[in-house]
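**Q** Letter by letter, the chains look like this.
Protein chains: 2
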Amino acid sequence: MAERAGLEVTSVDSFTLDPRLEATSHLVGDWPLCQVRLKDDIRFPWLLLIPRRRELVELTELSSDDYATLNAEILRACHLLQAVARPKKLNVATLGNVVAQMHVHVIGRFASDPAWPDAVWCHGNGPTYTPAERAAMLEQLRAADAA
Amino acid sequence: MAERAGLEVTSVDSFTLDPRLEATSHLVGDWPLCQVRLKDDIRFPWLLLIPRRRELVELTELSSDDYATLNAEILRACHLLQAVARPKKLNVATLGNVVAQMHVHVIGRFASDPAWPDAVWCHGNGPTYTPAERAAMLEQLRAADAA
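Protein sequence lines, in the order shown, are assigned to chains A and B.
According to this note's numbering, the stretch in the first sequence is residues 1 to 147, in order.
According to this note's numbering, the stretch in the second sequence is residues 1001 to 1147, in order.
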């Protein structure tokens, strides 16, 4: 699950991704704290940041170091979506009412997207990426993040 | 707008609250960066944190000091709602698709609330506080924050 587990033994200890998050998103990569995934919904450029910590639900449960790292990674995800998708607006949220495992949504929004200006969660699920579209998007994200 | 403007001259410089935020919420108080307001919706214990910065829209526009302060104040709001309302789950989000001025929602959710487990934005507006209910809630919030 962690590509660089050898360097991050303490970070990946006991982390298990919720199967509902795994089934609806694709791995982009592992950052120091979070696993970064692409939500499988072509309507929006949409990243999920999942801290690789066991049984983590609320922001108030993070250590202060982890909270600082999470916030740095949220900003990194914002910059990444701005570079790749140039959205009109970023939406950043952690809800967790359905899947309790902490996951932060970072979503690029456009006035032309099918849910605008509503929250994306009010518009159900959208079409998923084709394998070719998914590969292209993951490649774009990884390249922009490495730039 | 800032109760302690004399102590925070740089913070309040040129800050103007969007009238749509002002009309739908009540002042709780001013923290070092954010004006804290109670959303006028009795369905949920719901705070808004509005950084007192001019023309601020995206998280990526904050200085690194302000970003750290905002994140500290988000955590303070989480603890405050946990103390006052003991919610099942906290929802934290900054969307801004309708009102662009940056505002962070910190919302206490319950399995018994009328929107659970959906996002609150999918369920329109709820009943507002009566003056007596509002005064009691503001008093509770201010007392818990000062404790």
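Careful, some of the hints might be misleading.
[Claimed, not checked] If you anchor each label on the Cβ, the simulated ranges turn out as follows:
| id | chain 1 | residue 1 | chain 2 | residue 2 | range |
| --- | --- | --- | --- | --- | --- |
| 1 | A | A146 | B | F1110 | 41 to 51 Å |
| 2 | A | L21 | B | R1086 | 25 to 35 Å |
| 3 | A | D18 | B | R1086 | 18 to 28 Å |
| 4 | B | V1057 | A | R20 | 42 to 52 Å |
[Unchecked claim] Among chain B residues calculated to face chain A with C-beta under 10 Å, some are:
| id | residue |
| --- | --- |
| 5 | P1019 |
| 6 | T1060 |
| 7 | V1084 |
| 8 | R1086 |
| 9 | T1094 |
| 10 | W1121 |
It should be emphasised that the hints constitute simulated quantities derived from the structure, not laboratory data.
Beta carbons: idealized from backbone N, C-alpha and C, even for Gly.
**Q** For each hint, tell me whether it holds in the structure or not.
**A** Now for the hints, and whether the structure bears them out:
| no. | hint | verdict |
| --- | --- | --- |
| 1 | A:A146 with B:F1110: 41 to 51 Å | 43 Å, holds |
| 2 | A:L21 with B:R1086: 25 to 35 Å | 27 Å, holds |
| 3 | A:D18 with B:R1086: 18 to 28 Å | 24 Å, holds |
| 4 | B:V1057 with A:R20: 42 to 52 Å | 32 Å, violated |
| 5 | P1019 | 18 Å, violated |
| 6 | T1060 | 5 Å, holds |
| 7 | V1084 | 14 Å, violated |
| 8 | R1086 | 12 Å, violated |
| 9 | T1094 | 5 Å, holds |
| 10 | W1121 | 4 Å, holds |
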